[in-house]
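Taken in sequence, the protein lines are chains G and E. For what it's worth, my numbering labels the leading residue of the first sequence as 1, then goes sequentially. For what it's worth, my numbering labels the leading residue of the second sequence as 1, then goes sequentially.
Treat each hint with caution, since some may be false.
Stated by the list, open to error - Straight-line C-alpha distance at most 30 Å; calculated DSSO-like pairs for lysine-lysine: (1) E/77 to E/151; (2) E/36 to E/102; (3) E/180 to E/79; (4) G/53 to E/108; (5) E/77 to E/36; (6) E/108 to E/194; (7) E/77 to E/144; (8) E/156 to E/123; (9) E/140 to G/53; (10) E/194 to G/53; (11) E/140 to E/151; (12) E/102 to E/144; (13) E/102 to G/53; (14) E/36 to G/53; (15) G/53 to E/39.
Claimed, not checked - Taking beta-carbon pairs under 8 Å as the criterion, some of the chain E residues facing chain G (in silico): (16) 39; (17) 43; (18) 90; (19) 91; (20) 94; (21) 158; (22) 162.
These are calculated hints, taken from the structure and not from any lab test. In this text, a Cβ means the ideal position worked out from N, Cα and C, and glycines have one as well.
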Amino acid sequence: MSKKVLRIAAVILLLAAVALWGATGANHGWTKTSVPVQRTDEVTGITVDDYQKRFVPGIDFLGLALLGSGILLGASFLFRNR
Amino acid sequence: MKATTQHLKTTLRNLLVVLACMNGDVLAAPQTFDFKDPKGVNNATFRLDAPLEAISGNATGISGTVAFDPAAPAATKGKIIVATSSLRVGNPMQQEHMLGDKWLDAAKHPEISFDAKTLENVKTQSGTITADVTGILRLKGISKEITVPVKLTYLKDKLGQRVPNQKGDLLVIRANFTIKRSDFGIMPGQMEEKVADTIELTLSIAGAAPR
Numbered sequence: 001m002s003k004k005v006l007r008i009a010a011v012i013l014l015l016a017a018v019a020l021w022g023a024t025g026a027n028h029g030w031t032k033t034s035v036p037v038q039r040t041d042e043v044t045g046i047t048v049d050d051y052q053k054r055f056v057p058g059i060d061f062l063g064l065a066l067l068g069s070g071i072l073l074g075a076s077f078l079f080r081n082r
Numbered sequence: 001m002k003a004t005t006q007h008l009k010t011t012l013r014n015l016l017v018v019l020a021c022m023n024g025d026v027l028a029a030p031q032t033f034d035f036k037d038p039k040g041v042n043n044a045t046f047r048l049d050a051p052l053e054a055i056s057g058n059a060t061g062i063s064g065t066v067a068f069d070p071a072a073p074a075a076t077k078g079k080i081i082v083a084t085s086s087l088r089v090g091n092p093m094q095q096e097h098m099l100g101d102k103w104l105d106a107a108k109h110p111e112i113s114f115d116a117k118t119l120e121n122v123k124t125q126s127g128t129i130t131a132d133v134t135g136i137l138r139l140k141g142i143s144k145e146i147t148v149p150v151k152l153t154y155l156k157d158k159l160g161q162r163v164p165n166q167k168g169d170l171l172v173i174r175a176n177f178t179i180k181r182s183d184f185g186i187m188p189g190q191m192e193e194k195v196a197d198t199i200e201l202t203l204s205i206a207g208a209a210p211r
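All chains, please: the whole structure from these sequences, using the hints.
Next up, the structure:
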């Protein structure tokens with residue numbers, strides 16, 4: 001039972017991470033905790049990027065999820081078949 | 001009688017010309033523009049495009065003053081300061097490393113400054129002035145003379161549109177240029193595959209001269 005639970009958890013973790021990564025724009029860079037949002041001053045015409053707090057997972061996030069998933073999968077092999 | 005009238009007319013005309021000159025730009029002194037922007041739009045952006053990684057961000061902690069005379073733009077002088085701690089990138093670890101002692105060392109070097117000394121190749125076209133400004137860029141404690149192409153836009157009586165009930169003028173300065181981090185002792189020759197040596201900089205700032 002535990003073996004099955006761990007393997008299902010590994011798959012869910014990996015799928016959830018990929019789904020979150022894709023849903024937030026499939027960022028190919030590092031994970032960001034703030035993103036630039038453009039604002040333009042009408043009088044001077046100057047545009048500035050204001051940084052707003054937002055979590056955007058990157059490839060390091062996917063790597064961690066893959067590692068976590070691998071650990072869960074590896075742990076599942078510690079349980080013997082009955 | 002006719003000669004006296006003619007003389008009076010000439011004198012009056014000369015007086016009007018003198019008054020017009022006193023009211024206009026001919027006798028105007030340089031105005032001092034303050035670049036501490038209450039709207040928070042003044043910014044300097046940076047981009048480093050290395051083979052393995054591109055890093056970009058901006059800085060908004062800008063202050064300084066520039067003395068500018070629309071009648072004599074070549075005499076423009078001033079100093080622009082960027083607070084090192086205001087440099088931002090999206091990734092928190094990159095942010096920490098960038099401001100840390102190995103890279104910009106913001107604690108020890110809290111300001112990045114450019115002190116404009118001379119303007120050359122000054123050209124005016126439809127209210128916009130382009131020039132090459134030479135000055136001293138001070139970054140991480142190292143001062144180096146650089147020449148940067150700039151665009152100045154003088155917006156007469158436009159301050160009131162940004163700050164209600166405040167009369168005055170605006171001066172917008174834009175510049176695009178590159179520097180090398182190795183010239184300023186920022187990890188020279190190290191990690192260039194991830195952190196490019198060449199830094200592309202874009203400055204977009206507006207200063208106010210209230211009356």
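Discussion item. Given residue 43 of chain E as an interface hint, is its Cβ closer than 8 Å to any Cβ of chain G?
Written reply: Result: holds, 4 Å to nearest chain G Cβ.
Worksheet item: residue 194 of chain E and residue 53 of chain G: Cα distance at most 30 Å?
Response: Roughly 25 Å between the alpha carbons, so the hint for residue 194 of chain E and residue 53 of chain G holds.
Discussion item. Hinted pair, alpha-carbon criterion (30 Å max): residue 77 of chain E, residue 144 of chain E. Please report holds or violated.
Written reply: Since the Cα atoms of residue 77 of chain E and residue 144 of chain E sit roughly 17 Å apart, the hinted pair holds (cutoff 30 Å).
Practice prompt. Sort out whether residue 53 of chain G lies within 30 Å of residue 36 of chain E, counting only the CA atoms.
Written response: 25 Å, holds
Discussion item. Restraint: residue 91 of chain E near chain G, CB-CB cut 8 Å. Satisfied or not?
Written reply: Holds. Min distance 5 Å.
Worksheet item: When the nearest CB of chain G is found for residue 162 of chain E, is that gap smaller than 8 Å?
Response: 5 Å, holds
Discussion item. Next pair to validate is residue 140 of chain E with residue 53 of chain G; report whether the Cα-Cα distance is within 30 Å.
Written reply: 28 Å, holds
Worksheet item: Does the interface hint hold: is residue 39 of chain E within less than 8 Å of chain G, judged Cβ to Cβ?
Response: Because about 6 Å separates residue 39 of chain E from the closest Cβ in chain G, which is inside the 8 Å limit, the hint holds.
Worksheet item: Can the restraint linking residue 53 of chain G and residue 108 of chain E be considered satisfied, given a maximum Cα separation of 30 Å?
Response: The hint holds at about 27 Å.
Discussion item. Against the 30 Å threshold, does the CA-CA distance of residue 108 of chain E and residue 194 of chain E hold or violate the hint?
Written reply: With Cα atoms ~24 Å apart, residue 108 of chain E and residue 194 of chain E stay inside 30 Å; holds.
Discussion item. Holds or violated: the hint that residue 158 of chain E contacts chain G, with Cβ atoms closer than 8 Å.
Written reply: 6 Å, holds
Fill in: Interface restraint verdict for residue 90 of chain E against chain G (beta-carbon cut-off 8 Å)
4 Å, holds
Taken one by one, the earlier hints all hold for this structure without exception.
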